[in-house]
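So the protein lines, in turn, are chains Z and W.
Straight run, no breaks: the first sequence in the working numbering ends on number 494.
Straight run, no breaks: the second sequence in the working numbering ends on number 641.
Check the hints yourself; a few may be wrong.
[Unchecked claim] Here are the simulated lysine-lysine pairs, DSS-like style, with alpha carbons at most 25 Å apart:
id	chain 1	residue 1	chain 2	residue 2
1	Z	Lys81	W	Lys265
2	Z	Lys162	Z	Lys444
3	W	Lys591	Z	Lys472
4	W	Lys591	W	Lys265
5	W	Lys591	W	Lys622
6	W	Lys345	W	Lys386
[Unchecked claim] Quick look at which bits of chain Z chain W covers, simulated, 3 or more residues with Cβ under 8 Å:
id	region
7	69-77
8	198-204
9	209-223
10	446-457
In short, the hints are calculated from the structure, not lab data.
Just so we're clear, the structure is a prediction, and the values are computed from it rather than from any experiment.
Glycine residues also receive a C-beta, built at the ideal position from the N, C-alpha and C atoms.
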Amino acid sequence: MDRKQCCVKLSVQPSRGLMDEKFIVLVQNALPGSQLTIRALHQCEDGHSWEAFGHYTADTTGTIDVSEDPSIRGTYSGVEQMGLLWSLRPIPGSKPGLRMRKKNIQTPMEVTISVYQGHQTEGFADLVPLSGVVVERWYMAPGVRRIPVTEGGLTATLFLPSGPGPFPGLLDLWGGGGQLVEYRAALLASHGFASMAIDYLTSKFTMETGKMVDNQYFETAYRVLQQHPQVCGSKIAMIGLSFGTSMTLKMAIYSEVIKLSAAVCISGSHVQPVEGSVEEIMGFFQKNAGKTRFNEKNEAIWRDLLLPIPTDPSLKADVGRLQCPLLLVVGEDDQNWPAQESALDIKEMMARAGNSHLLTVLSYPNAGHLIEPPYTPHARSSTFKTVEIQEKVMCLWGGQTVEHSRAQEDAWKKILVFLRENLYGGRNPTSFSHL
Amino acid sequence: MTQAVPPILSVTPSRALVDEKFQVLVENLPPGCPVTLRSLHRSEDEDDWEAYGHYVSDHRGVVSVSEDLSFGGMYTGKEPMGLLWSMRPVPGSRKGLRLRKINVCTPMLVNISVHSGHEGFRDRTPLASALAERWYMAPGVKRIDINKQGVQGTLFIPPGPGPFPALLDMWGGGAGLLEYRSALLASRGYVSFSLDYLRSEHLSADVEFKYFETAFNIIRNHPQVIPDRVGILGSSLGSMVAFNLTAYSTIIKPRCIVCISSNHYHPPGTTLKAGFKILSNRTNDLSKINCPMLLVNGCDDQNWPTVETVARLLREGGKEHLLSRLAYPGAGHLIEPPFSPHFRATKFIILNSKEKVILLWGGHTKPHSDAQEDSWRKILSFLQLHLYHSPSVKANL
Numbered sequence: 060m061d062r063k064q065c066c067v068k069l070s071v072q073p074s075r076g077l078m079d080e081k082f083i084v085l086v087q088n089a090l091p092g093s094q095l096t097i098r099a100l101h102q103c104e105d106g107h108s109w110e111a112f113g114h115y116t117a118d119t120t121g122t123i124d125v126s127e128d129p130s131i132r133g134t135y136s137g138v139e140q141m142g143l144l145w146s147l148r149p150i151p152g153s154k155p156g157l158r159m160r161k162k163n164i165q166t167p168m169e170v171t172i173s174v175y176q177g178h179q180t181e182g183f184a185d186l187v188p189l190s191g192v193v194v195e196r197w198y199m200a201p202g203v204r205r206i207p208v209t210e211g212g213l214t215a216t217l218f219l220p221s222g223p224g225p226f227p228g229l230l231d232l233w234g235g236g237g238q239l240v241e242y243r244a245a246l247l248a249s250h251g252f253a254s255m256a257i258d259y260l261t262s263k264f265t266m267e268t269g270k271m272v273d274n275q276y277f278e279t280a281y282r283v284l285q286q287h288p289q290v291c292g293s294k295i296a297m298i299g300l301s302f303g304t305s306m307t308l309k310m311a312i313y314s315e316v317i318k319l320s321a322a323v324c325i326s327g328s329h330v331q332p333v334e335g336s337v338e339e340i341m342g343f344f345q346k347n348a349g350k351t352r353f354n355e356k357n358e359a360i361w362r363d364l365l366l367p368i369p370t371d372p373s374l375k376a377d378v379g380r381l382q383c384p385l386l387l388v389v390g391e392d393d394q395n396w397p398a399q400e401s402a403l404d405i406k407e408m409m410a411r412a413g414n415s416h417l418l419t420v421l422s423y424p425n426a427g428h429l430i431e432p433p434y435t436p437h438a439r440s441s442t443f444k445t446v447e448i449q450e451k452v453m454c455l456w457g458g459q460t461v462e463h464s465r466a467q468e469d470a471w472k473k474i475l476v477f478l479r480e481n482l483y484g485g486r487n488p489t490s491f492s493h494l
Numbered sequence: 245m246t247q248a249v250p251p252i253l254s255v256t257p258s259r260a261l262v263d264e265k266f267q268v269l270v271e272n273l274p275p276g277c278p279v280t281l282r283s284l285h286r287s288e289d290e291d292d293w294e295a296y297g298h299y300v301s302d303h304r305g306v307v308s309v310s311e312d313l314s315f316g317g318m319y320t321g322k323e324p325m326g327l328l329w330s331m332r333p334v335p336g337s338r339k340g341l342r343l344r345k346i347n348v349c350t351p352m353l354v355n356i357s358v359h360s361g362h363e364g365f366r367d368r369t370p371l372a373s374a375l376a377e378r379w380y381m382a383p384g385v386k387r388i389d390i391n392k393q394g395v396q397g398t399l400f401i402p403p404g405p406g407p408f409p410a411l412l413d414m415w416g417g418g419a420g421l422l423e424y425r426s427a428l429l430a431s432r433g434y435v436s437f438s439l440d441y442l443r444s445e446h447l448s449a450d451v452e453f454k455y456f457e458t459a460f461n462i463i464r465n466h467p468q469v470i471p472d473r474v475g476i477l478g479s480s481l482g483s484m485v486a487f488n489l490t491a492y493s494t495i496i497k498p499r500c501i502v503c504i505s506s507n508h509y510h511p512p513g514t515t516l517k518a519g520f521k522i523l524s525n526r527t528n529d530l531s532k533i534n535c536p537m538l539l540v541n542g543c544d545d546q547n548w549p550t551v552e553t554v555a556r557l558l559r560e561g562g563k564e565h566l567l568s569r570l571a572y573p574g575a576g577h578l579i580e581p582p583f584s585p586h587f588r589a590t591k592f593i594i595l596n597s598k599e600k601v602i603l604l605w606g607g608h609t610k611p612h613s614d615a616q617e618d619s620w621r622k623i624l625s626f627l628q629l630h631l632y633h634s635p636s637v638k639a640n641l
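Kindly generate the complete structure, drawing on both the sequences and the hints.
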């Protein structure tokens, strides 16, 4: 029987970090060679509990360094410095289809990290840990300002970095679920970009009138950003995920008003009726709803709705006309959108048009649809409701956790470098080396 | 105003404990560009404190405070934390100020900015700025007011199930109850009790002595404290109390003690008030100490004649193996947790007469700041060795 260890010291550095910063988890003063479990526990805003754990063996000095030592088994294995965060999963007994997303980004995500005697796999709630610490993970750096935006009928939030500026600007769009999703914009502002998260599907206007917004809505957002005294009006980019990609490409190519310095399109496609309004584009996808497939778990696969990639040019945004650098981020196991097929077609179209020097494609094997900022849990599927469908569906996003998490980490770093190069004009940025 | 894209200033980590280092980096400058890095902090008393260093960007347009030399300002040379420890009240401030955080539940906010040029940099608006938070309390540390058995103070408990080793933390004269060192010690894994003992009027030396013994036992008996792993940490007058408790108490046995800027002219059987006066040349009897002791002193301490008395203590035989000494040339009396500004002289209210004076604490900023950084690290490793690890007779570092 192991005797209870005394005074095992656990530390996490930094104890308050940004969501995309790495930390070092260190156990000291354990019995050399002892078996220990390190566990993370988080209660999200919805009240659900999430946990992750790894099994370790203390070395001859009684130390475990998670950034250097392997986890033998657990929710992650091997040397995984951030495994305690990205492998978080709902505790046993939780309802299925959960996805972790922070709504209130003015408070941190709190994670309790503890170390337990022995190699434990369950029943943590009944065990007393040897040691435990609390770690804060923030979407907003100190000094970042959050400003709700309603002018011009917009439903949006602007995040300004600390300092006098002027800062390059960023329009941030999410996908078909709608809502005003702020966390990515808050994090981007923490890296020096004046970022405006925009609700373009469930805006106040749409909720009150029942009508979808038109193209002017995006142009208004662009203008509001451009005219802000702390924004560098000639350096504005757009970042979109999923349906947000459709909007981003549409605006980048066809808008007379919006002149982008760069565009980032994650997990999306260029397939859309050219000259279509938001409503018409949505309708186009809905028309193909019959192509929905279901896997053996009855999870909905929507990637076929836009396949095969059309040859008809009126059904694809004309990427050959793009005049700004474009970064495409693709998960090769995306079950929700045909991002990989679209990326290949975009590449061909741009090669034919002679502007492929503007294109960079990041393609990740076994990554799914939801390529988000790093170190938050991967959801292979979750309950989802688009603005078109009134009932919730179990949606298959795709991706295998380990590879998906690595893709998130790599893509995020590259997105930041891409934005830095195109909006700040710098070379060899060094300040992302700690991420 | 041009629409040119500005340089990028980053402070990493942007949220940290006060004893942690940060990296200040400026990018996207023109190459070979003279700039000034400046820190600005508004204290709880509404005074403004600043520090600044003059730098020149490299060929990549980068200034790294951790790697580059400052050519002038409040500090020179390679000083990653110079923007904090060299802070002074801005020109035009009141005299004799001291920077001490009273509310430890909120962070100290420091604004770091980069300005073009060296001379007259303050006349120009900054090119970029970033806000850094410096915390005395790690997340999950609990703060508890104590008023028990006549003893008053504030207790800080680390996060986690415990039980933990603990410390009785005592300051010197001239301030109200200071919590920040205890908050920081709790953030490093110790239950720490910042004892309030200078406010109330104690009647006799015996009553005073009992007050400290009771305080020690309150910690010792706390459900989250390991009873045989309680130490004492005292600075200035507090270190005198620490020494006397350890040497003369028959009921409490600290596991180890740390005495910062101590003086040993305080014979037992006298009150604290009397102890302020310079008394006889009689020194304390070193042979009464039975636990490891760490003495930390600044050689330029103008407030207590510390170095001489400690040297004399060493000459008494018998228990030398328990003693470790850190004596820092150029450091003054107020040896505090690292990266806080140095005060050579500040306002002080004398306990007995309530007179307001300016007291000379001594020390020169650079060696004093180095002493704070080095001593804190060594104090923490001394405490870790004696309170976390197995007991050891060896006290020499």
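Handout entry: Stated coverage of the region 69-77 of chain Z by chain W [criterion: 3+ residues, CB within 8 Å]
Key = holds (count 8)
Problem - Stated coverage of the region 446-457 of chain Z by chain W [criterion: 3+ residues, CB within 8 Å] - result: violated (count 0)
Problem - Distance restraint between lysine 591 (chain W) and lysine 472 (chain Z), which requires alpha-carbon spacing of 25 Å or less - result: Answer violated: lysine 591 (chain W) to lysine 472 (chain Z) is near 50 Å, above 25 Å.
Handout entry: Residues of the region 209-223 of chain Z with Cβ under 8 Å from chain W, three needed, outcome
Key = Holds, because 3 residues of the region 209-223 of chain Z bring their Cβ atoms closer than 8 Å to Cβ atoms of chain W.
Problem - Pairwise hint evaluation, lysine 444 (chain Z) against lysine 162 (chain Z), where the allowed Cα distance is 25 Å at most - result: Distance of about 17 Å is within 25 Å: holds.
Handout entry: 8 Å C-beta test of the region 198-204 of chain Z against chain W, three or more residues
Key = holds (count 3)
Problem - 25 Å Cα cutoff - pair lysine 591 (chain W), lysine 265 (chain W) - result: Answer violated: lysine 591 (chain W) to lysine 265 (chain W) is near 29 Å, above 25 Å.
Practice task
Starting from lysine 345 (chain W), check that the Cα of lysine 386 (chain W) is at most 25 Å away, please.
Solution key: Given that 25 Å is the threshold and the Cα spacing comes to 17 Å, the pair holds.
Exercise for the section: Take a quick look at whether lysine 591 (chain W) and lysine 622 (chain W) sit within 25 Å of each other, Cα to Cα. Expected result: 29 Å, violated
Exercise for the section: For the pair we were handed, lysine 81 (chain Z) and lysine 265 (chain W), check the Cα-Cα distance against 25 Å. Expected result: 16 Å, holds
Of the numbered hints given earlier, the model fails hints 3, 4, 5, 10; all others are met.
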